[in-house]
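Chain B is fixed; fit chain Z onto it per the hints.
2 protein chains.
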Amino acid sequence: MDKSKSVKTQLMILFGENTDIEGIDVKNACFGGTQALFGAIDWIKANHETDDRLAIAVMADIAVYAADGPRCTGGAGAIALLIGPDAPIVFEDGLRACYMKNSWDFYKPIGGIASEFPLVEGEESLNCYLSALDACYATYKKKTNKILQKDRSLSDFHSILFHSPFYKLVQKAFARLVFTDYVAGQISLPNEQKLEKFKDKELSDTCSDREFASETRIASLHLLEEKVEPNMTLNRRIGNMYTPSLYAELITLLSRIEDVQSFNNQRVLLFSYGSGLASAMFSVVFNITPETTSAFEKMRTVSKNAINRLDQREKHSPEVYNEIMMTRQKLVERKGAGIPSASLNGISQHLFPGTYYLVKIDDKSRRVYDQVQ
Amino acid sequence: MDKSKSVKTQLMILFGENTDIEGIDVKNACFGGTQALFGAIDWIKANHETDDRLAIAVMADIAVYAADGPRCTGGAGAIALLIGPDAPIVFEDGLRACYMKNSWDFYKPIGGIASEFPLVEGEESLNCYLSALDACYATYKKKTNKILQKDRSLSDFHSILFHSPFYKLVQKAFARLVFTDYVAGQISLPNEQKLEKFKDKELSDTCSDREFASETRIASLHLLEEKVEPNMTLNRRIGNMYTPSLYAELITLLSRIEDVQSFNNQRVLLFSYGSGLASAMFSVVFNITPETTSAFEKMRTVSKNAINRLDQREKHSPEVYNEIMMTRQKLVERKGAGIPSASLNGISQHLFPGTYYLVKIDDKSRRVYDQVQ
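Residue numbers (the working numbering), protein chains in the order written: chain B, 1 to 373; chain Z, 1 to 373.
So that you can see chain B by itself, here it is in the shape it has in the complex:
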C-alpha cells in the first residue's frame, strides 16, 4: 500500500467537504494549548451524553527567534492530546486556578513589523512568569481548601510539571512553590534558618532577589530531583516548544512509568504560562482500572517512542539552521512571494512522508501547501 496515499485519505476524512468539526484556533502565546485543552475537557463533559465524538487539543508553534535574539533556546515540537470520558488520566474538577494580567513581556506585534519573530523583554518575562506562578499556587491551594477541605501541598503530587522556556526558570519556579509550602508550615527543609528572613517579605518582592533564589534552590534541590528533573528529558533535549512545552513533560513522565498499577491514584500538578499574560495551575490524577489499562498502555508506548525518536534527529550546523530560517523569513515577509520555499533549500527532503509544507505565499497573501510523497 502506498503510505502517503493512506495519510491523504485520513486527512480528507478529517478535513474534507462534509465536516461537522467544532472548534477554531486558540492563541495566547504559550498558553493557547492549555486553553484548547480546557475547552476540549469542557466540551466532553458538557456534550458526551448526546454526542459520542472525542475531542483533540493540538498544540503546535513556530518557536523561533530573530537571528539576534535567543535563537538557540527555540525548539520544535507538536503534541496532540485526545480527550474523552473514562480516561486513564483525569483532570480534577473545580481545581483550575487561573491568573491573567496585561503585560508586554513577550509579544508579536502586528502592523508595521513584517516579521514573525517576537519582541522579548527577558527580565520582565521571568518576573511575570514567577508572579503568575505565585498567584496560581495561592488560588489552587484556596480551591483545594474549599473543595477538599484541605490545603494541598507539593507532597500530594508525584510530579510537578511547568511550562519550560528553559530549565533554570523551572528550577527557580519549583523552589518558590517549596518556599510557599514552608511558609504555610506544610514542609520541613534543610536550611530553614536561612529562609526565615524571607518569611515576612512580600513574595512578589523576591522575584529578582538572588539570595532568595539561591537559598530556596538549596532548600528544594532534593525535591526537584524527585518531582521535576526526571520529567525534563524531552524539554532539555529539544528546547522551548512554546505551547507543547508543559505537555512534553507529561509525555516524559508517562515514558518513565514501569509499574503501572502502583501509579493508580497518583497526582500530578501542572503550571501553564503564556506571555501577555495568561496562566493556570491544575491537576490530574491517574485512573488505572481494567477499563482504562489498555488506553494507558498505548499512552506509555507512544511516550517511549517519542523519547526514542530523539536519537533519530539529524544534526545541522547553526549556519544551515540560519539559512533555513532566512528562507522562511523571506517567505513570511512576502519578499519571496512566488518562490517555492522547499525547492530553495530542499527542505522537503527532510520531512516525514505525508507532511504538508508551505510552498509559497501568493500575491494575494494566500498560502499554498504541498505534501511530501
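Watch out, some of these pointers could steer you wrong.
Copies of the same chain are indistinguishable here, so a pair counts whether it falls within one copy or spans any two.
[Claimed, not checked] No more than 20 Å apart at the CA atoms, straight line, and that leaves these computed lysine to aspartate or glutamate pairs for EDC-like:
#	residue 1	residue 2
1	Lys197	Asp209
2	Lys168	Asp20
3	Lys27	Glu116
4	Lys141	Asp20
5	Lys45	Glu211
6	Lys304	Glu229
7	Lys304	Asp51
8	Lys298	Glu258
The hints are simulated quantities; they were obtained by calculation from the structure and are not laboratory data.
Here is chain Z on its own, set in the frame of chain B:
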C-alpha cells in the same frame, strides 16, 4: 458619586492583580463570537457543580474596510452574553451542527501588509456562506432526527437568525432553507411548479443561479416576513458588525416580545458564519418559569434600550468618517507612532464616560490606552 471612578473600580475588580478568570481571545473572522459562546456554555455545563461563577462571551470587532472597499457596509457593535445555569434562554443539547472548510473568501493577511483591512473575494464569500448554510442545515436536520426522532423544519421555529453581512444575503439564505424543507416534503409553497425543476439539481450548483434565487425568494417571502425580517432592526440600521451580527438579531427579537408567557417553549434557529471558513447552526428554546422570569424581564429591558439608543447616534458625513479612519490607519500602520490618536481628531469627545481608547502605539509596538473621564 463620580461615575467614571465607579467604572474604573469595577474594571479593576475584573482585571486587577488577583484575577482568577479563565479564557482567552477566540478569533475566526465573524465566527469567533460563536465559538466563545460555545466555550462559555460548555464551561458552565462542565463546571457549575464545583464552581458558581458565570461566564461571559464578549463579541466585538473592528468591522472596517479599506477606503476602496465596501466601507459603507461596515458597522460598529459589541455584544456581551452572560451565560449561566437555569437561564430563560436554553441552548439545546446535542444540536450544534458545524461545517468547516479551508477557503480564502475574506481574510486579513499577516506579514508584509501592514494594514488591518481585510481582503475580500465578494462572489467567493457569498458562495462559501451559502454552501456552509446548506451543509449546516443538513447536519442540523440529521441531528434532530437522531436525538428527537424527527426531522425538524422551519415550522418548528418562531424565528430564524442569520449572520448578516447585509440583508440581501440573509434573504437568499433563508430562501434556500425554505427550498430544502420543500424538497424534504415538509412545506407547501405558492409557486411549487416553478421550483420543481431545481429539485434534481445539486444544491451546491444553485449558489450563483439567479433564477433559483428569484423563484425561491418568491416562494419564501411570506415566511421571511414572519420569521426573519422583524428581527433585523439593529442590523439594518447599523450595518455589519462581524461577530455580534447574529446576536444583534436575538436582541431585536427580545425587544419585540410583548406577551412573555406566550413565548415559553418557543424555539429559535441560529446560523453563524465566519470566513475562512467556520460555521454552525444551533437552536435555543425559551424557558419562561417563575424562576427565570425576572432575568428574562431584564433581557427585554436591555434589548428595548438597545433599539432606543439607535436614535441617540450622531450623524457624520462620509468625509469625517474617512478622516477618523485615516487617523486610526496611521496609528495601526505605526506611521503615527507616538502621536495620540484622540487628540488628533478629538475622538474622545464622542465616547461614553469610562470608555478606554487607544492613545498611541509606542516604538516597541506597545499599545497605550486612556479612559474618558
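Violating hint indices (sorted, rising)
Of the numbered hints, 2, 5 and 7 do not hold.
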